[in-house]
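A.B. asks: Going down the list, the sequences are from chains F and L. Residues in the first sequence are numbered from 0 upward in steps of one, following numbering that gives the first Met the number 0. Residues in the second sequence are numbered from 0 upward in steps of one, following numbering that gives the first Met the number 0.
Keep in mind that the hints were calculated from the coordinates and are not lab data. C-beta: ideal position from N, C-alpha, C; glycine also.
Here are the computed lysine to aspartate or glutamate pairs in the EDC-like style, where the Cα-Cα straight-line distance is at most 16 Å:
| # | chain 1 | residue 1 | chain 2 | residue 2 |
| --- | --- | --- | --- | --- |
| 1 | F | K27 | F | E88 |
| 2 | F | K37 | F | E84 |
| 3 | F | K23 | F | E88 |
| 4 | F | K115 | L | E119 |
| 5 | L | K94 | L | D70 |
| 6 | F | K37 | L | D127 |
| 7 | L | K90 | L | E46 |
| 8 | L | K115 | F | E119 |
| 9 | L | K68 | L | E22 |
| 10 | L | K68 | L | E123 |
| 11 | L | K199 | L | E187 |
| 12 | L | K37 | F | D127 |
Distance ranges between label pairs, derived from CB positions:
| # | chain 1 | residue 1 | chain 2 | residue 2 | range |
| --- | --- | --- | --- | --- | --- |
| 13 | L | L207 | F | K192 | 44 to 50 Å |
| 14 | F | K94 | L | L126 | 21 to 27 Å |
| 15 | L | L170 | F | L207 | 38 to 44 Å |
| 16 | F | Y21 | L | E123 | 23 to 29 Å |
Protein chains: 2
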Amino acid sequence: MNYNFDVNKFIEDFKNNCSRIYEKTFFKNEVIISYIKKREQVCILLEGTADLVRYDRNGDRIIIDHFSKNDIFGEVFYNITTNNELFVEAKQKSKVLFFSYDIIHTKCKSNCKFHKELSEYFNELVLDKITDLNMRIELLSKRSIREKLLNYFNLLSIQKFSKSFTIPFSLTDLADYLSVDRSAMMREMKLLKEEGIIVKTGNRITILQH
Amino acid sequence: MNYNFDVNKFIEDFKNNCSRIYEKTFFKNEVIISYIKKREQVCILLEGTADLVRYDRNGDRIIIDHFSKNDIFGEVFYNITTNNELFVEAKQKSKVLFFSYDIIHTKCKSNCKFHKELSEYFNELVLDKITDLNMRIELLSKRSIREKLLNYFNLLSIQKFSKSFTIPFSLTDLADYLSVDRSAMMREMKLLKEEGIIVKTGNRITILQH
DNA sequence: GAATAATTGTTGCAAATGCAACATAAATAA
DNA sequence: TTATTTATGTTGCATTTGCAACAATTATTC
Chain F
0 MNYNFDVNKF
10 IEDFKNNCSR
20 IYEKTFFKNE
30 VIISYIKKRE
40 QVCILLEGTA
50 DLVRYDRNGD
60 RIIIDHFSKN
70 DIFGEVFYNI
80 TTNNELFVEA
90 KQKSKVLFFS
100 YDIIHTKCKS
110 NCKFHKELSE
120 YFNELVLDKI
130 TDLNMRIELL
140 SKRSIREKLL
150 NYFNLLSIQK
160 FSKSFTIPFS
170 LTDLADYLSV
180 DRSAMMREMK
190 LLKEEGIIVK
200 TGNRITILQH
Chain L
0 MNYNFDVNKF
10 IEDFKNNCSR
20 IYEKTFFKNE
30 VIISYIKKRE
40 QVCILLEGTA
50 DLVRYDRNGD
60 RIIIDHFSKN
70 DIFGEVFYNI
80 TTNNELFVEA
90 KQKSKVLFFS
100 YDIIHTKCKS
110 NCKFHKELSE
120 YFNELVLDKI
130 TDLNMRIELL
140 SKRSIREKLL
150 NYFNLLSIQK
160 FSKSFTIPFS
170 LTDLADYLSV
180 DRSAMMREMK
190 LLKEEGIIVK
200 TGNRITILQH
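All chains, full assembly: derive it from the sequences and hints.
C.D. replies: See below:
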């Protein structure tokens with residue numbers, strides 16, 4: 000998406016002027032942020048990919064969200080009610096922008112223009128986030144593994160403007176994302192292949208009919 | 000939740016001053032808004048309850064979201080990609096505030112203070128919305144009907160500050176909301192009762208252990 | 001480059017879920 | 001009030017899904 004907004008220039012200016020925003024790089028499997036009650040940190044993913052993960056009391060891992068460039072995350076968007084740890088983990092080398100939620104809608108002392116820009120940019124990102132979450136809810140609402148897969152493939156296809164695409168997860172992670180058993184998901188993929196609905200070579204999928 | 004903000008007074012002032020915002024009352028089963036691509040309507044539910052509903056290509060009804068007082072909804076939050084109609088339906092007599100998304104972040108000609116207030120209030124509501132959506136995603140991620148029910152009951156219990164509460168849905172709708180078969184859900188509720196985990200009389204639940 | 005770890009792929013079997021069909025109770029309309 | 005619709009509650013059976021255990025392939029580390 001194009002926000003008509005030069006993030007990198009903006010960040011440089013902001014960092015020079017504001018000092019309440021900072022950037023950090025993370026490597027694969029590092030924890031970017033662990034959600035803590037009452038703090039109000041917000042992050043924007045500038046580069047890389049990351050997952051919001053929880054291990055629930057059965058030991059099941061849930062991938063609650065999957066982030067890529069320009070996605071926002073942080074504890075402001077979450078009501079922390081249980082004790083189960085909730086954290087965002089880098090899936091590859093990632094650059095992340097950190098700031099506190101309150102700087103977005105309050106002016107800084109110097110009344111700098113960067114706050115205004117961040118605020119506007121942030122609003123766009125928030126709308127995108129809500130849209131993504133709604134799509135994910137529809138995905139999880141599908142009643143069968145088959146429907147979840149087909150729906151997910153369809154979303155990727157629309158995103159990539161093509162009937163062929165690579166799944167941006169490992170299949171193990173995809174199963175956690177769709178909230179189904181991995182082996183059952185593999186079985187269903189096999190059936191979809193056998194029925195001529197998709198072509199699958201490794202993590203690359205082509206939709207033939209839908 | 001308390002936003003330290005007098006919505007009703009605000010609305011009166013706004014309607015008198017701005018004319019780009021209006022309020023309407025709906026009765027049970029009436030369609031409040033049908034989501035249309037490219038339009039950018041936003042609604043705030045002032046009174047009553049309503050559901051965001053879709054019928055998918057299998058004829059299954061999905062309750063994508065359930066709204067009560069102060070919830071926001073509208074097509075800005077949705078990417079309309081399929082042809083399946085998507086609409087919000089009043090579940091009881093409801094009062095709804097309508098306006099276009101663009102009025103929130105642009106000043107009106109008279110530079111009135113209401114825009115500023117609406118903008119601030121709106122930001123609070125947006126955060127709440129994201130929090131709700133995230134909770135719902137976790138709920139739908141639960142791997143079994145039992146886990147979904149217990150998780151949902153737990154949320155209600157926290158919301159109502161009590162181990163006893165009334166389910167704000169019909170059980171038929173709750174099944175659609177949790178995205179499970181109604182009879183299977185009833186069976187699971189029965190088991191939870193028999194195992195002494197909950198007490199259930201009609202739509203009233205008491206959690207005994209969890 | 002060999003050893004180790006992680007991911008993909010497969011299958012039998014048990015358990016959970018959905019489907020269908022129905023009975024009963026409650027709410028709504030005539 | 002009575003009739004009609006809608007919601008709740010129940011059960012047998014078929015299907016789907018999850019679990020467990022393993023083989024094969026691909027990445028990663030030493």
